[in-house]
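*Asks:* Sequence:
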Amino acid sequence: MIELTREIARQIGAEGEKTYPNECCGALFGHLSAQGDGRVTAIFPIVNARESEEQYHRFVIT
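Every letter in the sequence shown is one number past the one before it in full-length UniProt numbering, and letter 5, counting from 1, is 5.
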């Protein structure tokens, strides 16, 4: 199971709202326990490199 704090969930939602109606993507950083449980401590938004007219349904990471 991966745990998100309310603040991390808020940040993810804010990034989605910022890029809407286009696709968005990002990396989640945190800690993983020996049992496989994770806790997200930071997010890193990734810029969509796809041409602007295609960003509403496609995402390119470069």
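A hint or two may mislead.
Label pairs and their computed distance ranges (CB to CB) [to be verified]:
hint: 1; residue 1: HIS57; residue 2: SER33; range: 34 to 40 Å
hint: 2; residue 1: ARG10; residue 2: GLU53; range: 17 to 23 Å
hint: 3; residue 1: LEU32; residue 2: GLU53; range: 24 to 30 Å
hint: 4; residue 1: GLY13; residue 2: ARG39; range: 36 to 42 Å
hint: 5; residue 1: THR5; residue 2: GLU54; range: 32 to 38 Å
hint: 6; residue 1: GLY16; residue 2: GLU53; range: 31 to 37 Å
hint: 7; residue 1: GLU54; residue 2: ALA14; range: 38 to 44 Å
hint: 8; residue 1: VAL60; residue 2: PHE29; range: 33 to 39 Å
Since the hints were derived computationally from the structure, they do not count as laboratory data.
Treat the numbers as computed from the prediction; the structure is a model and nothing was measured.
Glycine is no exception: its CB is placed at the ideal position from the N, C-alpha and C atoms.
*Asks:* Per the hint of 31 to 37 Å, is the separation of the Cβ atoms of GLY16 and GLU53 within bounds?
*Replies:* violated, 20 Å
*Asks:* Given the hint of 34 to 40 Å, is the C-beta distance from HIS57 to SER33 inside that range or not?
*Replies:* Between HIS57 and SER33, where Cβ atoms are some 37 Å apart, the hint holds.
*Asks:* Take a look at whether the Cβ-Cβ distance between VAL60 and PHE29 falls inside 33 to 39 Å.
*Replies:* Violated, since VAL60 and PHE29 (Cβ atoms, about 22 Å apart) do not stay within the stated range.
*Asks:* Between the beta carbons of LEU32 and GLU53, is the distance compatible with 24 to 30 Å?
*Replies:* Violated, at about 39 Å.
*Asks:* Given the hint of 36 to 42 Å, check if GLY13 and ARG39 actually sit that far apart at their C-beta atoms.
*Replies:* violated, 18 Å
*Asks:* Do THR5 and GLU54 keep their Cβ atoms within the hinted range of 32 to 38 Å?
*Replies:* holds, 33 Å
*Asks:* Quick check on a hinted range of 38 to 44 Å for GLU54 and ALA14, using CB atoms only.
*Replies:* violated, 23 Å
*Asks:* Evaluate the given range 17 to 23 Å for the C-beta pair formed by ARG10 and GLU53.
*Replies:* Violated, since ARG10 and GLU53 (Cβ atoms, about 30 Å apart) do not stay within the stated range.
Of the numbered hints listed earlier, those contradicted by the structure are 2, 3, 4, 6, 7, 8.
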